[in-house]
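**Student:** Given next are the chains, with one letter for each unit.
Protein chains: 2
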Amino acid sequence: MSRIIQKAACVGGGVIGGGWIARFLLNGIDVAVHDPHPEARRIVGEVLDNARHAYRAMMNAPLGPEGALTFHDDLAEAVADAEYIQESVPERLDLKHRVFAAIEAAARPDALIGSSTSGFKPSELQVGMAHPERLFVAHPFNPVYLVPLVEVVGSPVNDEAALSRAMEIQRETGLHPLRVRKEIDAHIGDRLLEAVWRESLWLVHDDVATTQEIDDVIRFSFGLRWAQMGLFETYRIAGGEAGMKHFIEQFGPALKWPWTKLMDVPEMTDDLATKIGDQSDAQSGMHSIRELERIRDDNLVGIYQALKANDWGAGKTLREMEDRFFERAKDSAAAAAPDYAAPLVLHETRVPGDWLDYNGHMTEYRYLQVFGDATDAFLGHIGMDAAYRAPGRSVYTVESHIRHLAETSVDTRLCVRTCVLGHDARRIRLHHEMVDEAGNVQATSEHMLMHVDTNAGKASPLEAPLTDRLARLSRGQRGLTAPAHAGRPIRDIGWPEPV
Amino acid sequence: MSRIIQKAACVGGGVIGGGWIARFLLNGIDVAVHDPHPEARRIVGEVLDNARHAYRAMMNAPLGPEGALTFHDDLAEAVADAEYIQESVPERLDLKHRVFAAIEAAARPDALIGSSTSGFKPSELQVGMAHPERLFVAHPFNPVYLVPLVEVVGSPVNDEAALSRAMEIQRETGLHPLRVRKEIDAHIGDRLLEAVWRESLWLVHDDVATTQEIDDVIRFSFGLRWAQMGLFETYRIAGGEAGMKHFIEQFGPALKWPWTKLMDVPEMTDDLATKIGDQSDAQSGMHSIRELERIRDDNLVGIYQALKANDWGAGKTLREMEDRFFERAKDSAAAAAPDYAAPLVLHETRVPGDWLDYNGHMTEYRYLQVFGDATDAFLGHIGMDAAYRAPGRSVYTVESHIRHLAETSVDTRLCVRTCVLGHDARRIRLHHEMVDEAGNVQATSEHMLMHVDTNAGKASPLEAPLTDRLARLSRGQRGLTAPAHAGRPIRDIGWPEPV
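Taken in sequence, the protein lines are chains B and X. Counting from 1, position 136 in the first sequence corresponds to residue 301 in our numbering; the numbering is continuous, with no gaps. Counting from 1, position 104 in the second sequence corresponds to residue 269 in our numbering; the numbering is continuous, with no gaps.
Calculated from the structure, these hints are not laboratory results. It should be emphasised that the depicted structure is a prediction, and the values quoted were computed from it without experimental measurement. Do not rely on the hints blindly, as some may be mistaken.
Note that the list lumps identical chains together, so a pair holds whenever it fits in one copy or between two copies.
Computed list of lysine to aspartate or glutamate pairs in DMTMM-like fashion (alpha-carbon distance at most 20 Å, straight line) [stated by the list, open to error]:
no.	residue 1	residue 2
1	286	256
2	481	492
3	286	325
4	481	462
5	347	372
6	347	371
7	481	456
8	410	436
9	440	371
With the rest of the complex left out, here is chain B (with noise of 0.2 Å):
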């Protein structure tokens, strides 16, 4: 499975351009950036260390190999052979113009070009270039590598094809790219944080709540339910079976009530911005920025993957991406020839921090959710996939057999060695080591899986492929010596003298 595209360029680093470079990075493509700024090298850096930590704990998948990134001081030379370029520099229009010009100057006739501007128009940013069709707004969210939503704008000179492909490159990067239908300032997502934001003002400059409380309400109340369902399906529900149109007419006279002070917008006096910021400090402060942005992306994982639990949302966009990692994890598996005469590599994993007891190690049952992983690289290895399960035939474990031997810390690079001990017609004994990078050994296990019939709801024989590549991985690895625990029970240790 090729990448969508070789090499993107990215114009203009800093938090939102390293969020690009990031997402473009992690999924295998080439990244060149042009950035004057001094500290461009540092900051992308620090959104990079971000970013890998982020996928690392939230992705099952085997993370792959990251493009290569390279910086230049040349904008043509960034620009010259990439097929996506993204700009994300200050939000200055006579700056973004110069931009564009020298993008256009060097870049491929079929280089697909985006801004992450959230101010200005499409139709604005393309004053002036010679092939304004292939420019558009790609307008992503903040920490850009998490969160998926990207609003594309067109204007009505833009080429649809040109921004269908552009939007079939940001979704193989794992973003969720949102067609705006009709070019508006701030787009749709920032005007409505704008109306958030205008009210929660309101609410501080009238000392109604502090900017903990606003906070508050939102995180433990809406902000719950919006990271999984929107406004208007919200209400859909609440609304009941009597149906949203009943609902909205209910609803509508509310909007003549006086609720807000929507009407007006409160100055920005140096009194306000201070009130503000003595708030916030008092809210956050106990927190760098750095462990905020550490503790948000390890709660945006959860969320990802909670909803991922329920292919929802958010969630469905992660399990297309891993579906995409694994797809490529498999085909360089298939690539390269395995070497059946040593225990199997198949599953690398590293250890996040919602896998920790309360000993602060690697909880118990993790262990077994990674030799579980590595049991399903394994039956992936001699061919059992989704086709292979369809009609009714998988592979169950009946038995394992942990041995714990060293504990685990947080972020540890843990990979699985798999050997087969022994096989029958409708049965498989394994063994996986797991070690860290150092090559210590953390756990072993042995289990024995029992090929069935789903539908009869019994043991049943393999069938190819799973027969013939099983046995020509046995054939390689029948020459290892099983390891000396393999076989063995846990221990009888007995009982102490009576008392």
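Since the structure of chain B is provided, determine the placement of chain X on it from the hints.
**Tutor:** Below, chain X without anything else, positioned relative to chain B:
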């Protein structure tokens, strides 16, 4: 650990009242309900079904016994001995006044009275009351049994001690009360929602976006962020090390841009109402309302658990709720004299939706999670708590042998029977048997536990009170016959004939 109150009363059922009933009931508090609506019992029953499903999935702790639920045609009878009374009748001031008068005539003098109103201020509600100081607004969010926020608002006549007591009671039901410091129309949350609602109506009215597009913008961007951090904290991070005040000063000028149409409100014509209804049907009509409720709640439960892994926001609220449930279970267990002549039942749980594998059954490692939780319950039972561990003593699992005997389905209520197979100065050999409601054995596990000095990183002898309690337990259980499979290895099945 006794219940904070014995009895609550709910005047008005419906979706909101039903949510309050669920909160009290599932936290072991008796609830008397008065609602003259002919469908009251059915509607409340449906809310309780949803709530039970959600709590079973969400809570690792045993749910314990529910409170008693009674319906009363006579309001006076319903409120008579209630310590906390929650009103959730329709949003009509005259009706609420009549209800408060009837409550006051029959309630205890020290009963606290909360109103679920979204639109009235406490001073408006309090008009005509004999003791207005014990009436306050306690405004919840749908679904009340899951969304933690309750906005608590008083007027100048309110008794601060009564409000504090009310919030203490609300916290005991897993709510997150937020004291709103001034009474204003719609409190805080609904004002923010109204702001987004108005802007969204304009976007639909002007055909800039459909209901689906607006909802997707929300749930794929800032909705995800707001499940864990609010507006101000998010902006603080975006502002970086320069600080919040600097961010505000930079961001201030944007407020003057013509970004929003918030100066005005679109007229809710029949055409606009129909357009919204049709778009909502296209977006969400593939699911019934009950299905959407179930999807919503499963997502919210997952989000709660994700945040609990980081002890953050609503996740911290969940952990505190679980701690209370664990305490109650421990007290129940301590109160009951354990029968050590039989296997001990120390852990029960139910299989939630996100525990399933691609075969649609409980996935392999979750069995070890359940067995691990049973081991933790056993260790707690013999006295290993945070205080025992604090100086550097703990118990690690060094070996586990699991036999999977049946496929376990979602929602199955599991219980684990535990017995000690042997022990010496440093080690305990433990056996768990996992059964379903019908007593069918789903799986068994055998474990070797090792007592360790966590500072030295080596095995060490068990100490009091573990030694005494373990001795007492094992004397009782020594008579039990060890399961036949205990102490056996995973069977060696050899290799097929070479081809």
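**Student:** Evaluate each hint against the coordinates.
**Tutor:** Tested hints:
no.	hint	in the structure
1	286 - 256	within (12 Å within a copy, 43 Å between copies)
2	481 - 492	within (16 Å within a copy, 37 Å between copies)
3	286 - 325	within (17 Å within a copy, 52 Å between copies)
4	481 - 462	both (18 Å within a copy, 17 Å between copies)
5	347 - 372	between (38 Å within a copy, 8 Å between copies)
6	347 - 371	between (36 Å within a copy, 10 Å between copies)
7	481 - 456	between (28 Å within a copy, 18 Å between copies)
8	410 - 436	between (45 Å within a copy, 10 Å between copies)
9	440 - 371	within (11 Å within a copy, 37 Å between copies)
Violated hints: none; the structure is consistent with every hint.
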